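Asker: Read off the chains here:
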Amino acid sequence: MEKIDKQLNNLSMMEIPAGLHQSVMRKINYYKKLQPVFFATFILLTLYFIIVIWQIDVKLINAEFIDMMQDFFDVFSFNFSFINTILGSFFEIISPALVLSAVLSLASTIYLGKKINLYQFAKF
Amino acid sequence: MQKMENIDKDILIRAKKGDLDAFEYILSFYEKAIYNYCLRILKNSSNAKDVTQETFIKVYTHRKLIDPEKNIKTWIFTIATNTTYDFLRGKKRKNEISLDEENETISSFEAYYPQEGLVSDVDRALEQINQEYKKVLLLFYQQGFQYQEIAEILNMPINTVKTHISRGKEQLKDKLKDYLA
Numbered sequence: 155m156e157k158i159d160k161q162l163n164n165l166s167m168m169e170i171p172a173g174l175h176q177s178v179m180r181k182i183n184y185y186k187k188l189q190p191v192f193f194a195t196f197i198l199l200t201l202y203f204i205i206v207i208w209q210i211d212v213k214l215i216n217a218e219f220i221d222m223m224q225d226f227f228d229v230f231s232f233n234f235s236f237i238n239t240i241l242g243s244f245f246e247i248i249s250p251a252l253v254l255s256a257v258l259s260l261a262s263t264i265y266l267g268k269k270i271n272l273y274q275f276a277k278f
Numbered sequence: 008m009q010k011m012e013n014i015d016k017d018i019l020i021r022a023k024k025g026d027l028d029a030f031e032y033i034l035s036f037y038e039k040a041i042y043n044y045c046l047r048i049l050k051n052s053s054n055a056k057d058v059t060q061e062t063f064i065k066v067y068t069h070r071k072l073i074d075p076e077k078n079i080k081t082w083i084f085t086i087a088t089n090t091t092y093d094f095l096r097g098k099k100r101k102n103e104i105s106l107d108e109e110n111e112t113i114s115s116f117e118a119y120y121p122q123e124g125l126v127s128d129v130d131r132a133l134e135q136i137n138q139e140y141k142k143v144l145l146l147f148y149q150q151g152f153q154y155q156e157i158a159e160i161l162n163m164p165i166n167t168v169k170t171h172i173s174r175g176k177e178q179l180k181d182k183l184k185d186y187l188a
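Quick note, the sequences are listed as chains B and S, same order.
Position in the first sequence (from 1) plus 154 gives the number in the numbering used here.
Position in the second sequence (from 1) plus 7 gives the number in the numbering used here.
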């Protein structure tokens, strides 16, 4: 057993491959430089999303949306087909492109937030 | 047992604050040990290189968790071990080993194990024993960790570490008998 101990104590060690050290440092440098950019992008996207939501909200208030909703609930129990009417009205007031833009902003913000990590870098 | 001195506390504090020079010092200090540990487990130089890189990138991105009062080597090896497990799990899930990779593994093995001398016999025998025992033996003998540190790295009870070392050595003894015969 002592002989095995001796052999185990002298296990060979390989030299590290050329470029490993530089590659790690390069990636970390990129990370350090890009981190504020990612952060700013995230903040901008979030602000953009909030503004879009706020605009939608303002337009909805101007269109007396709350009253419309109240009407909707009143009528709903008697006339199911009113759904089509209200949906049509909604998209007349709010452009589908604006709604789509808000949804896409939210989706892209969440996606970017999840994907902001080092594994997105190309391998060197 | 290959002992490695600990890194100065000031450097760890600087690294924790994001100082790149301090981080580079830590990288230089442990990259060889980590690479060899990964190479022994993954048996492929390219994969070992990738996992080593990933390990140090994780060390940097999680630098806030550095505790200057504790031995950073244990923490880095814990990250390396988990990264290696993740890598192997990913490989297993994808079930993809390309022909190039297989060839590279074989050539790495030949480069890895010199054909002459007693050391190569131990290296070969290590590949034939239980891989859990191998990991513990590598950490104990090659990296010079204590039982408690190995238990922390591999997330197992200290008695299991002792048992693994004892059983690993028994298995090695059996394998080496064949080689020396």
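Calculated directly from the structure, the hints in this document are not laboratory data.
Predicted model, so just to flag it, every value in this text is computed and none were measured.
There may be inaccurate statements among the hints.
[Said to hold, decoys possible] Here are some chain S residues pointing at chain B (derived, C-beta under 8 Å): (1) I20; (2) F30; (3) L179.
All C-beta atoms in this analysis are idealised placements derived from N, C-alpha and C, irrespective of residue type, glycine included.
Asker: Does each hint hold? Answer for all of them.
Answerer: Here's how the hints hold up against the structure:
no.	hint	result
1	I20	18 Å, violated
2	F30	7 Å, holds
3	L179	6 Å, holds
The structure is inconsistent with hint 1 alone, although it conforms to all the rest.
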